[in-house]
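Student: Residue numbers (my numbering): 1006 to 1119.
No wet-lab data here; the hints were simulated from the structure. Watch out, some of these pointers could steer you wrong.
Said to hold, decoys possible - Simulated crosslink set (PhoX-like; lysine-lysine; CA at most 25 Å straight-line):
#1 Lys1027 to Lys1049
#2 Lys1118 to Lys1056
#3 Lys1027 to Lys1116
#4 Lys1027 to Lys1102
#5 Lys1116 to Lys1049
#6 Lys1116 to Lys1056
#7 Lys1049 to Lys1118
#8 Lys1027 to Lys1056
#9 Lys1118 to Lys1027
For clarity, every value in this text was computed on a predicted model and none was experimentally measured.
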Amino acid sequence: MTTANPYYARIWDTVLQIPAGKVASYGQIADLAGLPGRARLVGKALGYAPKELAVPWHRVLRSDRSLAFPAGSDTAQRQRELLQDEGVLLTNNRVPKDDLWQPDLAELLFKLKY
DNA sequence: TAATTGACCCTTT
DNA sequence: CAAAGGGCCAATT
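Model the full assembly from the supplied sequences, consistent with the hints where possible.
Tutor: Here you go:
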């Protein structure tokens, strides 16, 4: 472990709040985690995310609802498989708007214990 | 310390 | 709807 930053923990916690069958964008996660404008950091945090936390990184994608990886790459294919396994069907590398995560802010704040 | 990089986002064409 | 340009901020070199 090179550097442990407090930002990452909050990002991981927020991602863990995404229910199965729903997806959220990096910017949305950053915003909910209290880090507006730091969407890129979310991606980095997911890359640093330890396996033990079982962070559902596959439920996080770009704001245009497309995968953040080049189509055809191993990571992209695994993400697509994981999403389909949860009931999120990708059409042309994109998920339906109906599957976007719409969190209840009050409940989310309670779970994250701000 | 300065420059480069990146699992991104928004607005305009 | 897809592509292009500009911006943002932390981590890395």
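Student: Give a verdict on every hint.
Tutor: Going down the list of hints, with the structure as the test:
no. : hint               : in the structure
1   : Lys1027 to Lys1049 : holds (21 Å)
2   : Lys1118 to Lys1056 : holds (23 Å)
3   : Lys1027 to Lys1116 : holds (18 Å)
4   : Lys1027 to Lys1102 : holds (10 Å)
5   : Lys1116 to Lys1049 : holds (23 Å)
6   : Lys1116 to Lys1056 : holds (21 Å)
7   : Lys1049 to Lys1118 : holds (23 Å)
8   : Lys1027 to Lys1056 : holds (21 Å)
9   : Lys1118 to Lys1027 : holds (22 Å)
Hint check: no violations occur; every hint is consistent with the structure.
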